Each structure stands twice: as C-alpha cells, then as structure tokens.
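Student: We have chain A; now place chain B onto it with these hints.
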Amino acid sequence: MLEVRHLSKTFGGLKAVSDVSLDVQEGSIIGLLGPNGAGKTTCFTMIAGFTKADSGQVRFAGREITGLSPHKICRLGMIRTFQIVQPFAGLTVQENIAVGAYLHHHQRKEAMAVARDIGKRLGLGGLLDRPAASLTIAGRKRLELARALATGAKLLLLDEVMAGLIPSEINEIVDIIRQIQSDGHTILLIEHVMQAVMKLAETAYVLNQGRLIAHGTPQQLVSDPSVVEAYLGHGAAARLQEGQHA
Amino acid sequence: MRFQSLGQYGLVLFALVYLAGVYFVSSPVWMGFTINALIVALAALSWNITGGFGGLSSFGHAALYGTGAYASAILQVKYGFNAWIGFGAGIAAGAAMGALIGGLAFRYGLKGSYFALVTLAFAEVLRICASSFEWTGGGSGLQLKLMPGIAQLQIVDRPWVYTGLLVVVAVVMLLTALIQKSRFGAYLIAIRENEDAAEALGINTYQIKVQAMAISGAFGGLAGVLYLQLWLFIDSTVVYGSAVSVEALIGPIIGGAGTVWGPLLGTLGLHLLGEGTKHLLPNSPGLNFVLYAVVLICALRFLPQGLVGFAARIGVLRKKDQDDA
Numbered sequence: 001m002l003e004v005r006h007l008s009k010t011f012g013g014l015k016a017v018s019d020v021s022l023d024v025q026e027g028s029i030i031g032l033l034g035p036n037g038a039g040k041t042t043c044f045t046m047i048a049g050f051t052k053a054d055s056g057q058v059r060f061a062g063r064e065i066t067g068l069s070p071h072k073i074c075r076l077g078m079i080r081t082f083q084i085v086q087p088f089a090g091l092t093v094q095e096n097i098a099v100g101a102y103l104h105h106h107q108r109k110e111a112m113a114v115a116r117d118i119g120k121r122l123g124l125g126g127l128l129d130r131p132a133a134s135l136t137i138a139g140r141k142r143l144e145l146a147r148a149l150a151t152g153a154k155l156l157l158l159d160e161v162m163a164g165l166i167p168s169e170i171n172e173i174v175d176i177i178r179q180i181q182s183d184g185h186t187i188l189l190i191e192h193v194m195q196a197v198m199k200l201a202e203t204a205y206v207l208n209q210g211r212l213i214a215h216g217t218p219q220q221l222v223s224d225p226s227v228v229e230a231y232l233g234h235g236a237a238a239r240l241q242e243g244q245h246a
Numbered sequence: 247m248r249f250q251s252l253g254q255y256g257l258v259l260f261a262l263v264y265l266a267g268v269y270f271v272s273s274p275v276w277m278g279f280t281i282n283a284l285i286v287a288l289a290a291l292s293w294n295i296t297g298g299f300g301g302l303s304s305f306g307h308a309a310l311y312g313t314g315a316y317a318s319a320i321l322q323v324k325y326g327f328n329a330w331i332g333f334g335a336g337i338a339a340g341a342a343m344g345a346l347i348g349g350l351a352f353r354y355g356l357k358g359s360y361f362a363l364v365t366l367a368f369a370e371v372l373r374i375c376a377s378s379f380e381w382t383g384g385g386s387g388l389q390l391k392l393m394p395g396i397a398q399l400q401i402v403d404r405p406w407v408y409t410g411l412l413v414v415v416a417v418v419m420l421l422t423a424l425i426q427k428s429r430f431g432a433y434l435i436a437i438r439e440n441e442d443a444a445e446a447l448g449i450n451t452y453q454i455k456v457q458a459m460a461i462s463g464a465f466g467g468l469a470g471v472l473y474l475q476l477w478l479f480i481d482s483t484v485v486y487g488s489a490v491s492v493e494a495l496i497g498p499i500i501g502g503a504g505t506v507w508g509p510l511l512g513t514l515g516l517h518l519l520g521e522g523t524k525h526l527l528p529n530s531p532g533l534n535f536v537l538y539a540v541v542l543i544c545a546l547r548f549l550p551q552g553l554v555g556f557a558a559r560i561g562v563l564r565k566k567d568q569d570d571a
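Quick note, the sequences are listed as chains A and B, same order. Take 1 as the starting number for the first sequence in this note's numbering and just add one per residue. Take 247 as the starting number for the second sequence in this note's numbering and just add one per residue.
Just so you know, the hints here were simulated from the structure itself, not pulled from any lab data. Mixed in with the good hints there might be a few duds.
Partial selection, computed: residues in chain B whose CB lies under 10 Å from chain A [said to hold, decoys possible]:
#1 K324
#2 N328
#3 N440
#4 N450
#5 Y452
Source: prediction; values computed, not measured. Glycine included, each C-beta is placed from N, C-alpha and C at the ideal position.
So that you can see chain A by itself, here it is in the shape it has in the complex (with noise of 0.2 Å):
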C-alpha cells in the first residue's frame, strides 16, 4: 500500500534521514523504531509531504505522491498524527472531529454525526460537548486520532500515540488500534514504548542516526545485536550477552 524508496533528507550538515526504503502492506501495522533524533518523525513529515524529501520516491496505493501537498494526500487517503498534538483548542471535541470528517462530508449536518459516531467509537462519547483545550494528554491523542480517522483515510501514520501516557492508558489505546485495523485501516507507527509495539507491530523497521539498521518481526528485533547498540550503546549488547552466560 505505501512504498518508500531510498528517501533522504540533510539539514545543513546533518543527514537526518539517508536512504530509507520500507514497504507497508495492505491491512498491517507497522512499527518504525529508534532511538531519539533516530529520524523517525522526519521520514513521516516526508510521507505525508509536509517536509520536501532531497531525494528519493514515496508511492502510495500504486500513486506516486512524492511532493505532493499535505491536504492533497490526506484527500488521496493518507494522514499523519502529531507527536505533540494539535487540537484545535478554541473548537468543542465534536467540532474538532468535523473539521476531519467535512473532507467527504459536505453538510454540516452530516459532519457532525460523523464525528459523533467516531468520537463515541473511541471513547469520547461523554466529552463531545466539551472545549478540546479541556482534555487530558490522554483524551487529546485519542482526538489526535478520531480526527485523523474522520477524513476516511486509509493509511494511518500515528506519530508516538502513546507518548506521556500511564500504562493503563496504553492498554486503552492498544485496544483502539487494533480495532481500528479490524474496521480495515492500516497503520504504519512511530513509536517508544516498546511493550506496545510488541503487542501491536507485526513487523517494524528500526532507524539510527538516520539510517535503516533492522528489520523483522519485534522478536527478532530485541535479540538483534545492532538495535540493542542503538538503543543502550556501543558493546551493549556484547556486555548483555556476558551477563547473560556469566
């Protein structure tokens, strides 16, 4: 469904992101991992055509998208989330969700039950009524994503979901995920708590310093060697593996 080839990206003399290629297909959900400053947010805002990529190619549902205008390729059925959200802090929840959902729903009327269906399907049925600016971290993703859902996107990029939220929290929004992928949405994830993607990732790729460095299913990735370097250091591993047979 999305294919990104060797995509790339320097900001003066950083290169934040060098030839990254991964696939998503139809109906998964995908994890991109990595350490701080790793890339990952710098590759979505390239997807979804909010940064320019200095080279490279993004082709999404057998389109080539690559420069294309954010609102044009939410229109062709792709969104991004916000790691810090951004609700439209002034405008009611349900408001806020209709902004999403007026894409393909021209009548106010029918906006709003749209939002309404959607904000009760992931759990702010009683804080429609409610100033978006008055939700918890928790509430705000969660809108972060009813909005996203209410464009009728297929593709979903959630950036850090899960971010700043208490472990029950994430089990909550674990549930939301997956429910959302059975209603037929794919999901491509960025994502820090690694018990999440665990639980939700089918396969992931992993970034460091703006390169690829492993890719397979999340067990395959804690055993690799090469992302335990990323994450906890050089010859991290190497010492694990000692502590393990010491």
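Tutor: Positioned in the frame of chain A, the structure of chain B alone reads:
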C-alpha cells in the same frame, strides 16, 4: 444562530432597541451618527471574516474599502456609468483586491504580524497611488454629480438611507452566520486554531485563506461603495487612510472577533462612547481616539473574547440536548 446566555440576549436586545430607537429621536444628529457607525460596522464585518474567523489579522482593510469606493467612483465620474453598475463593480473590485493581497501574502507563507504589515503596506501604497494619479482624482479626490434618486443610488431622505443600511448590515450578518455554519467556515476556524493540523486533515489552507480574503474584500468593497454613495465624495485619505483600517479591526476585537454580532456591537459601542466624549468635552477634537485606545487596552486585558464572549458568561442557559447546538 443561537445564543448561549441571557447576557447575549440582553446585549443584542440593547442594540436592537437602540437601532429602532433612532427612528423616534427627533434630532437628526443621532441618525446621521448611527448611519456612519453602520458603514464602519460593515467594514468591521469585513475584517471579521479574515481576522475573526481565520485569525488573519489585517492592519490594512482600508485597501479593500478604498478599492471598492474608488472603483465605483472612477466608473461613475470618468466613464459615466450608472451608480448601480459602480455598486457591483466596487464589490467585485474589493473582492479582487482581497484575493490579490491574500494570494501574494499567503503564497509566501506570511502570518501574524508579517501579514498585518504587508496589508498595511498595501493600503498605504494604494493611498499614495490614489493621491498621485489624475485618473483617481489626485489630491483633490473624486466628486459624484448630484443626481438624487434611487436610479443613481443617491438617497436624500435620511430615514430611508438608515433603513437601507440596516438591511445591508442584516444581510451581511446573515451571510456571516451562514459562513460560520458551513464547511468553509469550519475550515477557516480550523486554520485559525492550528494551520498545520488543518493541512494534515486535507484542507487546502492556501485556497481557503485566499477565498476568505476575497469574501472579506467583497464586504469591505461594499462598505466603501456605500460610503461613496452617502457622501458623494472620496479622496485617498478618507477611504485609504489607516483610520479606516483601525476602525475596521477595533470594533470586532472589542465586540467579539469571530462572532456574528461582535463587529456590530463593538462598533456601535465604540461610536456611542466616542460621541459621548465629544459632547462632554466639546473643545477637544480627536479625544475620542484617545478613548478608543484606552477602551481597546481595557478590552484586551479584561474582555479577551470581546463583549459577546463576556456576555456569554452571564446567565448561561442550559444547553439543549442536540447535536448541532
């Protein structure tokens, strides 16, 4: 449009009683003063579309107002067209000027104070141009020939002028309410609240912002044309001067930006206050502007949501259980 509180009902009722009361005051001063306030209210309603709903704070709405007035005046004075054609052309010219300014400013991603500065620059450049060329009447301005009658949109009878303006203001407010409840309005508000998120949700933010400037331009052009038809004379300072830009934005900010009633209420309130000081202190012309400044500062400090937002908190009505409240 539905009000959320008794305070808002009270505020609107007060305005309506005042507007109706003008018919019964025998002194022509009140009606003349309110007629001026209504034309300024139209400019304020124009600013409200971009500045209120879209968060695109223009400091140069005189560019739209003046372009409307000049387009109509040039057609009538230089080419002998009928005033009604000038009326339509003025609205169209205002919309075109809005689209042009918006198209250029947003093309280069200008926001906030940069957008305000660019709009101010446009208004000032237009003012200087209008005072420099013979085609626009140069420094002496343009004077319409006196041809009383509805055929040339020159109405002499003050109560009819007043009634006509009330109707126009009501129509523009109705259009504002329709915009507020439409998809376009929701997109415009989304852009004000968070432009990146709006773009991510499939909104062509550039197109929406330029359209908003065009609509605002049409309203602003309308205000300019009506000013021309009322006074039959314009020059560059009167219609392109920064006083117009300031008056267009101060009313909505004090009344409540991004609301249907705010621009009218704010403008009426300010003009009443200004007129009051003129009568209390008759020997200090211009003091009303000092008062405007004081009121603006107080409003920004104590009424960040304007009069309408403040009134919303007085006597809140229980929300009915409806989707669309």
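Student: Are the hints correct? Go through all of them and say.
Tutor: Going through the hints against the structure:
no., hint, in the structure
1, K324, "43 Å, violated"
2, N328, "38 Å, violated"
3, N440, "5 Å, holds"
4, N450, "5 Å, holds"
5, Y452, "9 Å, holds"
Violation of the numbered hints given earlier is confined to hints 1 and 2; the remaining hints are satisfied by the structure.
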